[in-house]
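Asks: If you want the building blocks of each chain, they are given just below.
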Amino acid sequence: MRKFFNKIFLITYILLTTVNSASSAKFKWTKVIVSKNGSTELFYDKDTVFKVGGNVYFWQLTNNLANVKENIFSTISHIMVNCNTYEARNITYTDFKRPMSRGASDMEMIIPESQPDYFDWVYYSEKETIQGLVLKEVCKNY
Amino acid sequence: MKKIFFIVIVLITFSSNAFSQVFNWHKYNITANNDTEIYYDEKTIFQVGSYKFYWVLTNFLKNVEGDNFSSIGHHMANCKTNEVKMITFTFFDGLMGKGNVNYDFIDPEEYPEKFKWEHYDPKTTIYGGMLEEICNFK
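Protein chains in written order, with this note's numbering: chain A, 1 to 142; chain B, 1001 to 1138.
Quick caveat, the hints were computed from the structure, so don't treat them as lab data.
Because the structure is a prediction, the values reported are computed rather than measured.
Here a beta-carbon is modelled for each residue, glycine too, at the ideal position from N, C-alpha and C.
One should not assume that every hint holds.
[As the list claims (entries may be wrong)] Example chain B residues on the side facing chain A (calculated, C-beta under 10 Å, incomplete):
id: 1; residue: 1043
id: 2; residue: 1053
id: 3; residue: 1074
id: 4; residue: 1076
id: 5; residue: 1101
id: 6; residue: 1106
id: 7; residue: 1108
[To be verified] Residues from chain B shown here face chain A by an in silico Cβ test under 8 Å; the list is partial:
id: 8; residue: 1021
id: 9; residue: 1023
id: 10; residue: 1044
id: 11; residue: 1049
id: 12; residue: 1050
id: 13; residue: 1069
id: 14; residue: 1072
id: 15; residue: 1087
id: 16; residue: 1090
id: 17; residue: 1109
id: 18; residue: 1111
id: 19; residue: 1112
[As the list claims (entries may be wrong)] Below are the DMTMM-like pairs computed for lysine to aspartate or glutamate, each with C-alpha atoms no more than 20 Å apart in a straight line:
id: 20; chain 1: A; residue 1: 26; chain 2: B; residue 2: 1041
id: 21; chain 1: B; residue 1: 1052; chain 2: B; residue 2: 1093
id: 22; chain 1: B; residue 1: 1116; chain 2: A; residue 2: 108
id: 23; chain 1: B; residue 1: 1116; chain 2: A; residue 2: 113
id: 24; chain 1: B; residue 1: 1052; chain 2: A; residue 2: 106
id: 25; chain 1: A; residue 1: 26; chain 2: B; residue 2: 1107
id: 26; chain 1: A; residue 1: 51; chain 2: B; residue 2: 1104
id: 27; chain 1: B; residue 1: 1043; chain 2: A; residue 2: 106
id: 28; chain 1: B; residue 1: 1085; chain 2: A; residue 2: 108
id: 29; chain 1: A; residue 1: 46; chain 2: B; residue 2: 1041
id: 30; chain 1: B; residue 1: 1116; chain 2: B; residue 2: 1104
id: 31; chain 1: B; residue 1: 1138; chain 2: A; residue 2: 47
id: 32; chain 1: A; residue 1: 36; chain 2: A; residue 2: 117
id: 33; chain 1: A; residue 1: 28; chain 2: B; residue 2: 1042
id: 34; chain 1: A; residue 1: 136; chain 2: A; residue 2: 117
id: 35; chain 1: B; residue 1: 1052; chain 2: A; residue 2: 108
id: 36; chain 1: B; residue 1: 1052; chain 2: A; residue 2: 113
id: 37; chain 1: A; residue 1: 136; chain 2: A; residue 2: 41
id: 38; chain 1: A; residue 1: 46; chain 2: A; residue 2: 137
id: 39; chain 1: B; residue 1: 1043; chain 2: A; residue 2: 45
id: 40; chain 1: B; residue 1: 1114; chain 2: A; residue 2: 41
Generate coordinates for the entire structure from the input sequences, incorporating the hints supplied.
Replies: Below is the structure:
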């Protein structure tokens, strides 16, 4: 019996270690919320949330489910947030022609470089905005 | 034995979800004159559209300027051309991103004129060698 559990333990450990390594470059999206009108759903990757200096950084995926414009079905952004004030700024923007960041991408930019006027801190209420709910999740350990 | 097995599984499962993330730095190399060492975190390497994004740590071991002993930055790379743009900079008064933050900035916001693609040769620069390794992650 003891040998059996030793084997199971070893196999489980190897599997978990291998799975972690193999998925090192793949996003693991966690869905946070769908907007009330069902047009937008927001995801973030828990494993990409890092505090560096005074800000917290993370990757976010947005699926556009209805009222899709210019065939942009999803976008990915790297976002910085001040968890004390619930203010955030999108640093990068990449759009995709299919949901879940699949399909072709025809626009990718570093926002402070391409659209500096849009690189402002914006406050998101956790009670009134779906982005605020993402920030609440991201900031819960900080 | 059963108990230990159960506890280990629970710990492994919860350790990745319950706490805030910490970087897992992999030391790439140190300069020939031993003044700078660079690290990257392979779990932060993501291909998004045409570019790879990743976090980098630099330790300044000699000739330290302004009490900046280390820095952490988020970088983007064009792996087809071996070119890099360094997006964020945060400087610390301790090694390994520890101690107090001296200052931080978003490079394209603070220094838009300097935010340009920089080529790093994998054979003649340490960063270029690291970039080659990073670009090999699929």
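Asks: Taking the hints in turn, state whether each one holds.
Replies: Right, here's what the structure says about each hint:
With 10 Å as the threshold, the beta carbon of residue 1043 (chain B) comes within range of chain A, its nearest partner Cβ sitting at about 5 Å, so the hint holds. The restraint placing residue 1053 (chain B) at the interface with chain A holds, with a minimum CB-CB distance near 7 Å, inside the 10 Å limit. Because the beta carbon of residue 1074 (chain B) sits about 7 Å from the nearest beta carbon in chain A, less than 10 Å, this interface hint is met. With a least beta-carbon distance of about 7 Å to chain A, the hint placing residue 1076 (chain B) at the interface is held under the 10 Å criterion.
Residue-level restraint check for residue 1101 (chain B) holds (minimum Cβ-Cβ distance to chain A is 4 Å; threshold 10 Å). At about 5 Å, the closest approach between the beta carbon of residue 1106 (chain B) and any beta carbon in chain A falls short of 10 Å, and the interface hint on this residue holds. A hinted interface residue such as residue 1108 (chain B) counts as satisfied when its beta carbon comes closer than 10 Å to some beta carbon of chain A; here the least separation is about 4 Å, so the hint holds. At its closest, the beta carbon of residue 1021 (chain B) sits 5 Å from a beta carbon of chain A; the interface hint therefore holds under the 8 Å criterion.
Against a cut-off of 8 Å between C-beta atoms, the interface hint on residue 1023 (chain B) holds, since the closest Cβ of chain A lies about 7 Å away. With a least beta-carbon distance of about 7 Å to chain A, the hint placing residue 1044 (chain B) at the interface is held under the 8 Å criterion. With a cut of 8 Å, the hint placing residue 1049 (chain B) at the interface with chain A holds, because the nearest CB-to-CB distance is about 4 Å. The interface hint given for residue 1050 (chain B) holds, since its Cβ lies 6 Å from the closest Cβ of chain A, which is under the 8 Å cut-off.
The restraint placing residue 1069 (chain B) at the interface with chain A is violated, with a minimum CB-CB distance near 14 Å, outside the 8 Å limit. Residue-level restraint check for residue 1072 (chain B) holds (minimum Cβ-Cβ distance to chain A is 5 Å; threshold 8 Å). Interface restraint check for residue 1087 (chain B): the shortest CB-CB distance to chain A comes to about 6 Å, inside 8 Å, so the restraint holds. A least Cβ separation of about 4 Å between residue 1090 (chain B) and chain A falls short of the 8 Å threshold, and the interface hint therefore holds.
Interface hint status for residue 1109 (chain B): upheld, as the beta-carbon distance to the closest one in chain A is roughly 4 Å, under 8 Å. Taking 8 Å as the C-beta cut-off, the interface hint given for residue 1111 (chain B) is violated, the closest approach to chain A being about 10 Å. Because the closest C-beta pair between residue 1112 (chain B) and chain A is about 7 Å apart, less than 8 Å, the hint holds. Between residue 26 (chain A) and residue 1041 (chain B) the CA atoms are separated by roughly 14 Å; this keeps the pair inside 20 Å, and the hint holds.
Restraint check for residue 1052 (chain B) and residue 1093 (chain B): not satisfied, since their Cα atoms lie roughly 29 Å apart, outside the 20 Å limit. The hinted pair formed by residue 1116 (chain B) and residue 108 (chain A) meets the criterion: a straight-line CA distance of about 16 Å does not exceed 20 Å. Simply put, residue 1116 (chain B) and residue 113 (chain A) have alpha-carbon atoms about 10 Å apart, close enough for the 20 Å limit, and the pair holds. For the given pair, residue 1052 (chain B) sits about 16 Å from residue 106 (chain A) by alpha-carbon distance, which is consistent with the 20 Å threshold.
Our distance criterion of 20 Å between C-alpha atoms is broken by residue 26 (chain A) and residue 1107 (chain B), whose separation comes to about 26 Å. Proximity of residue 51 (chain A) to residue 1104 (chain B) is assessed by CA-CA distance (about 13 Å); at most 20 Å being required, the pair is judged to hold. For the suggested pair residue 1043 (chain B) and residue 106 (chain A), the alpha carbons sit about 26 Å apart, so the restraint of at most 20 Å is broken. Our distance criterion of 20 Å between C-alpha atoms is met by residue 1085 (chain B) and residue 108 (chain A), whose separation comes to about 14 Å.
As the CA atoms of residue 46 (chain A) and residue 1041 (chain B) are separated by approximately 15 Å, the hinted pair is consistent with the 20 Å bound. Straight-line distance between C-alpha atoms of residue 1116 (chain B) and residue 1104 (chain B) comes to about 19 Å, which keeps the hinted pair within the 20 Å bound. Of the supplied pair hints, the one linking residue 1138 (chain B) and residue 47 (chain A) holds, its CA atoms being roughly 18 Å apart against a limit of 20 Å. This hinted pair does not check out: residue 36 (chain A) and residue 117 (chain A) have alpha carbons roughly 29 Å apart, beyond 20 Å.
For a cut-off of 20 Å, the pair hint linking residue 28 (chain A) to residue 1042 (chain B) stands: about 15 Å separates their Cα positions. Of the pairs offered as hints, the one joining residue 136 (chain A) and residue 117 (chain A) is violated, with about 26 Å between alpha carbons and a cut-off of 20 Å exceeded. Between residue 1052 (chain B) and residue 108 (chain A), the direct Cα distance comes to roughly 12 Å. Compliance with the 20 Å bound is thereby established for this hinted pair. For the hint pairing residue 1052 (chain B) with residue 113 (chain A), the CA-to-CA distance comes to about 17 Å; that is within 20 Å, so the pair holds.
For a cut-off of 20 Å, the pair hint linking residue 136 (chain A) to residue 41 (chain A) stands: about 16 Å separates their Cα positions. Restraint check for residue 46 (chain A) and residue 137 (chain A): satisfied, since their Cα atoms lie roughly 9 Å apart, inside the 20 Å limit. Straight-line distance between C-alpha atoms of residue 1043 (chain B) and residue 45 (chain A) comes to about 12 Å, which keeps the hinted pair within the 20 Å bound. With a C-alpha separation of about 36 Å, the suggested pairing of residue 1114 (chain B) with residue 41 (chain A) is violated against the 20 Å cut-off.
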